[in-house]
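Chemist: Each chain is listed here by its residues.
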Amino acid sequence: MRLEDLVGQERTVSVLRNALCRERVAHAYLFTGPESVGKSTAAALFAQALNCEDTGHGLPCGACRSCRLTSGGRHPDVRVVGIGSDAEGRRRTEISIDQIRQNPRKPRQAPLPLIQDAYLKPAIGRHKVYVISPADRLTAEAGNALLKLLEEPPPHVVLLLVTSEPSTLLPTVVSRCQEVVFQLAGSGAIENHLIGLGLSEAAAASLARLSGGRIAWAIRAAERPEVLRVRDALLNLCAAIGERSVPESLRLAEDIKWQAAELARARISHGGEELAVEAGSDPQEEHAVGDRELREELPWCLDIMVSWYRDLLAGGQDAPLLNPDYEQALTRQYRPHFTARAECAVESILEAKHALQRNANIDIALESLTLSLVAWCG
Amino acid sequence: MPYLSLYRKYRPRNFAEIIGQRHVTQTLANAVKANRIAHAYLLCGPRGTGKTSTARVLAMALNCEQGPTAEPCGDCEECQHIIAGNALDVMEIDAASNRGIDEIRELRERVGLAPAGARMKVYIIDEVHMLTGEAFNAFLKTLEEPPPHVVFVLATTEPHRVLPTILSRCQRFDFHRIGLQDLQSAVTRIAEQEELDIDERAVAMLANAADGSFRDVLTLLDQAVAYAEDRITAEIVTEILGGIDFDLLADFADVLTRGDISEALLLIERVVSEGKDLRQLIAGLTAHYRNLLLLSLGRREQEAVALPQESAERAQEQAKALSQSEILRALDLLAETDRELRFTSQPRLLVELAAVRICRVRVSEPAPMEASPQAPARAARRPSGPRQEAETPAADAEDATPEAEPEAVAEPSAVTGLADIKRRWDELITELRQSRRTAEAAFLRDAVPVAVENGGLLLEFRHQFHHDQMTDQRRQVVAEAVARVFGLKLKVVCRMAPQGAESPGAEAEAAERPEGQLNNLLSMFPGSELED
Numbered sequence: 001m002r003l004e005d006l007v008g009q010e011r012t013v014s015v016l017r018n019a020l021c022r023e024r025v026a027h028a029y030l031f032t033g034p035e036s037v038g039k040s041t042a043a044a045l046f047a048q049a050l051n052c053e054d055t056g057h058g059l060p061c062g063a064c065r066s067c068r069l070t071s072g073g074r075h076p077d078v079r080v081v082g083i084g085s086d087a088e089g090r091r092r093t094e095i096s097i098d099q100i101r102q103n104p105r106k107p108r109q110a111p112l113p114l115i116q117d118a119y120l121k122p123a124i125g126r127h128k129v130y131v132i133s134p135a136d137r138l139t140a141e142a143g144n145a146l147l148k149l150l151e152e153p154p155p156h157v158v159l160l161l162v163t164s165e166p167s168t169l170l171p172t173v174v175s176r177c178q179e180v181v182f183q184l185a186g187s188g189a190i191e192n193h194l195i196g197l198g199l200s201e202a203a204a205a206s207l208a209r210l211s212g213g214r215i216a217w218a219i220r221a222a223e224r225p226e227v228l229r230v231r232d233a234l235l236n237l238c239a240a241i242g243e244r245s246v247p248e249s250l251r252l253a254e255d256i257k258w259q260a261a262e263l264a265r266a267r268i269s270h271g272g273e274e275l276a277v278e279a280g281s282d283p284q285e286e287h288a289v290g291d292r293e294l295r296e297e298l299p300w301c302l303d304i305m306v307s308w309y310r311d312l313l314a315g316g317q318d319a320p321l322l323n324p325d326y327e328q329a330l331t332r333q334y335r336p337h338f339t340a341r342a343e344c345a346v347e348s349i350l351e352a353k354h355a356l357q358r359n360a361n362i363d364i365a366l367e368s369l370t371l372s373l374v375a376w377c378g
Numbered sequence: 001m002p003y004l005s006l007y008r009k010y011r012p013r014n015f016a017e018i019i020g021q022r023h024v025t026q027t028l029a030n031a032v033k034a035n036r037i038a039h040a041y042l043l044c045g046p047r048g049t050g051k052t053s054t055a056r057v058l059a060m061a062l063n064c065e066q067g068p069t070a071e072p073c074g075d076c077e078e079c080q081h082i083i084a085g086n087a088l089d090v091m092e093i094d095a096a097s098n099r100g101i102d103e104i105r106e107l108r109e110r111v112g113l114a115p116a117g118a119r120m121k122v123y124i125i126d127e128v129h130m131l132t133g134e135a136f137n138a139f140l141k142t143l144e145e146p147p148p149h150v151v152f153v154l155a156t157t158e159p160h161r162v163l164p165t166i167l168s169r170c171q172r173f174d175f176h177r178i179g180l181q182d183l184q185s186a187v188t189r190i191a192e193q194e195e196l197d198i199d200e201r202a203v204a205m206l207a208n209a210a211d212g213s214f215r216d217v218l219t220l221l222d223q224a225v226a227y228a229e230d231r232i233t234a235e236i237v238t239e240i241l242g243g244i245d246f247d248l249l250a251d252f253a254d255v256l257t258r259g260d261i262s263e264a265l266l267l268i269e270r271v272v273s274e275g276k277d278l279r280q281l282i283a284g285l286t287a288h289y290r291n292l293l294l295l296s297l298g299r300r301e302q303e304a305v306a307l308p309q310e311s312a313e314r315a316q317e318q319a320k321a322l323s324q325s326e327i328l329r330a331l332d333l334l335a336e337t338d339r340e341l342r343f344t345s346q347p348r349l350l351v352e353l354a355a356v357r358i359c360r361v362r363v364s365e366p367a368p369m370e371a372s373p374q375a376p377a378r379a380a381r382r383p384s385g386p387r388q389e390a391e392t393p394a395a396d397a398e399d400a401t402p403e404a405e406p407e408a409v410a411e412p413s414a415v416t417g418l419a420d421i422k423r424r425w426d427e428l429i430t431e432l433r434q435s436r437r438t439a440e441a442a443f444l445r446d447a448v449p450v451a452v453e454n455g456g457l458l459l460e461f462r463h464q465f466h467h468d469q470m471t472d473q474r475r476q477v478v479a480e481a482v483a484r485v486f487g488l489k490l491k492v493v494c495r496m497a498p499q500g501a502e503s504p505g506a507e508a509e510a511a512e513r514p515e516g517q518l519n520n521l522l523s524m525f526p527g528s529e530l531e532d
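If you're matching them up, the sequences are chains A and B in order. Each step along the first sequence adds one to the number in this note's numbering, with nothing skipped, and position 131 is 131. Each step along the second sequence adds one to the number in this note's numbering, with nothing skipped, and position 65 is 65.
Read the hints as simulated data drawn from the structure, not as lab findings. All C-beta atoms in this analysis are idealised placements derived from N, C-alpha and C, irrespective of residue type, glycine included. Any given hint might turn out to be false.
Said to hold, decoys possible - Computed list of lysine to aspartate or glutamate pairs in DMTMM-like fashion (alpha-carbon distance at most 20 Å, straight line): (1) B:9 / B:192; (2) A:106 / B:468; (3) B:9 / A:351; (4) B:489 / B:468; (5) B:141 / B:192; (6) A:106 / B:182; (7) B:491 / B:431; (8) A:257 / A:141; (9) A:106 / B:103; (10) A:106 / B:65; (11) B:9 / A:141; (12) B:33 / B:65; (13) B:320 / B:431; (14) A:257 / A:291; (15) B:9 / B:197; (16) B:491 / B:468; (17) B:141 / B:102; (18) A:106 / A:136.
What the hints assert, rightly or not - Listing some non-contacts, in silico: residues in chain B with all C-beta distances to chain A over 12 Å: (19) 219; (20) 233; (21) 243; (22) 311; (23) 346; (24) 348; (25) 458.
Claimed, not checked - Have a look at the derived ranges for each label pair, beta carbon to beta carbon: (26) B:69 / A:10: 44 to 54 Å; (27) A:201 / B:463: 32 to 42 Å; (28) A:200 / B:229: 53 to 63 Å; (29) A:359 / B:480: 24 to 34 Å; (30) A:91 / B:195: 29 to 39 Å; (31) A:35 / B:110: 45 to 55 Å; (32) B:22 / A:295: 26 to 36 Å; (33) B:445 / A:246: 47 to 57 Å; (34) A:340 / B:164: 27 to 37 Å; (35) A:35 / B:229: 23 to 33 Å; (36) A:83 / B:463: 28 to 38 Å; (37) B:137 / A:10: 47 to 57 Å; (38) B:445 / A:232: 49 to 59 Å.
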C-alpha cells in the first residue's frame, strides 16, 4: 500500500508527499481527523516512507528491506508508543510518563523510554520514527515530559502523534507539531473503493452512506453482511411504529435489543478475536452476548433510528434523504404536523443513548425510549 | 543539514527579535545594562510567546564575551554554544521529565560549583509547573539564596501550578499573547527571508489562527509551505486550517436566518460530500455567530472580527438582520451540538438537527403579524428584536394554526400572550431541561397552558399526580423559565383539567392522533374507562 492509496485523503497525502519530496520533513506531526478515516494507516505508511531505501518508486516502495521490516512491525528505528499493559498484564487506559522518560527511581526499563531512546542514533534507517497513538491518551505528566523533545529533538528523530481528539491535547503539545488534518472521505470515493473490493453497487452505496465518510468503518462493515441486515430491520421497526397495535409496538425495546445482539454476535464470530481472548474462550464457540457487547453496539443501532426520524424531518422540506431506499415507507408515515414530533423522537433517542453511556440499565432505557416513541409517533 | 522547522530556525537570538513582549525584554535589557540581575526569574505565559527564547537570550546576554550586554553578539563562542544548546554553563533542564526530588537534589549539589568558563551559571528550568511538590520544596532554599554566580530562569505555561513559596522568591514576568499586527509583520518578514510567495490575506489568516502564538503561526506557515505548490493563497490557508471558508459560513447563516430548512440540509449535504469535517462546520459557525454577536453589540469591525473588508460588510448585514437573543440562542444550540458531536458516530444527524432547530428559532422569534389578528397588542408585549417585518414561513404556519383557533373566545390582550406561549411551549420545556430542571420539564409535558389572566399563567394538568407535584418551589422555577423564554412576568397557577371534557390543548393533540389507538389501549385493559 502507498500513501496515494488512502481513500479520500488527496490533500493530506499531497502535504505528506511534498514534505518527503522537497525534504522538508518536520520533526513532529500531529495527525488529526475523525475516527476510522485512515490516520493510523497513514502514520504507518509515512514512517515506512521516511526510511524507504528506494524513494524513486512511489511512497513508500513497499519492496525494500526497510519497508518490509516496517510493515512487519520489526523495524528497529520505527516504534509505536501506545497504550501498554501494566506489570500484571492488565490493559492500561493511558500512555504513562514512564513510557516517555526513564524514571530515575526505577531500574533501567526494557524497551527504553521514548526520550532516552530518541537520543540514540538510528540502527539502520535514516530516521528514528516514533508513532504516538492515540496521543489524546497521553497523561498530563506524559504530555509535559514530551514537550522538550517535541520542540527540539535530535536531527534524526520524527515524532508522529495520532489522535481524533486534538482538543484534549495540551495546547503546548499541539503548538509544537505540524498538524495534518485528515478528513472524511466523500461517499463517492468510498463507494468506488467498496466496489473495488467486490461489493455489489447497491450494497456499496448503502454502506458508503452509512459510513458517514469513514473508510475504515466501511471496510470493516463490508466484511459483515449483518450490518446492512440490521439496518433494514431497524428501519422497518421505525416504519412499523405507527402501524402496529400499541401492545405490539411496545415490543420494540425487545426488538432493538435483539438487533444489537445480532451485531454483537456477528462481530464476535467475525474478527472479534480480541474480545474472545479477553473472555478466555474459543472464538468459534457460540457466545452469549453480554451486557458489555450490547452496550457497544446499541449506540450505532440508535443512530440508525435517528436517521429515520431525521428523514421524516427532512421529508417535508424536499431535502435529500439519508435512506432514499425507504422513501415509500417514509412517505407513508409522514404527516405534515410531524416536524415537532420527529424532533422529539430524535431527542428521546439521543437521551436513551446518553443514558446508556452513563451505564443505565439497558432494558429500562430502551423501554422508556419505546414508550416515548410510541407516544410521539404512534 | 536536515530540514529545520521554521520556528526553530527563526528562534529569536536577541531581545529585539522577541516580538510583542516589550514589557519583558526592555526590563531585562535594562537590568543587564545596570548590572542589577536578580538571582531568579519566573517567565510565564501562553505557549509560543517567547519564554524559553527569552531565557536563552538572557543567558547569552550575561555570558556573551562582549558582555554582560543587552545586545549579545550571537557570534562569539559562548553565544554559539548557547544557541546550539551545548554550553557548559547554561543548563537547560526539562522539569517535566525530570520532575522528582532526586533530580532537584542533584541540581542542588552542582549549583555550588564555579562556572566552567563563562561569567555566570544559568539554570533554565522549563515546564517548571510539572515539578512534584517535594521537588519544589527541596528547591526552595537554593532558589532563595543561590551562590552569586548562579541565575535561575524558570519558565512555565501554568504559573498557578507553581507553589506560592516558589513564586515569592522569583521576579515574575508575564508574557502576553502576541498581537495580530506583530504576528503578521513577523510572518511577512520571515516569508521574505525564506523567499516564499504569500498573499497578504493568507498572512492575516495565519496570524488569526495562531491565537497569539509565534510558534503556532510558524508551524502553520510550515504547513502551508508543505501544501502549496507555489504561491500561498488564502484558499490554501483555509484548506490547511481544515476550516470552512467565510462565504460558505455566511451562506449558511443566511439560510438559517431565512429559516429555510431544506436549503440548510442541502448545504450540509454539500459539506459532507466534499469530505469536510462537520465539527469544523460547527466550530466555524460558532465563530461566525460570535462575530455577529460582537457586531450587533456595536463593536468596531476591526477589533471584533479579523475579516477582509467585503466579508466584514456582509457580516455586518447579517448582524443587522438578527436580534441578539436570536444570535445567543443559535450559539447555545451550536455549543450543545459541539458537545454532543463527541459521542456520536453520525455527526451529520446532529448537525442537521441543530440546523433545523436554529431555523425554527428564527421562525418563532419575530412576531408573525398576519398569523393572528391581535398583532398590535402582541407587538407591545413581546421583547422586540430589531426586525419586526412580517415573516411567516410555511413551517410556522403549519405549527401555529391548528392551536391558535380555539383561543379566540378569551379576552384579546391575554390571548396574544397565550397563543405565543402555546406555540412555543416546547421551547419552555427545552429551556427547563437545559437548565437541568428535568423534573419540572417532565411535569409540564402533561400540562397545557389554558389562560393568561391577572398576571398569572394557568396550566391545566391531565393527571392528578403531575398536578400534585407542582409545589410552590417548582411553580417558581417554571415562572422564572417563563420569564426567560417569553420575557413575561407571570405567576404560575395550576389546576386539573375538567373531568370528561377534553382540554383545549388535548383536543389539538388528539386531532393528530389516530383515534384507533385510544380504543386499542382501552381494549388492552378491560374494565377501564377513559378519564380525560
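Chemist: Return the numbers of the hints above that this structure violates; sort them in rising order.
Modeler: 2, 3, 4, 5, 6, 8, 10, 11, 13, 18, 19, 21, 23, 24, 27, 28, 30, 32, 33, 34, 36 and 38
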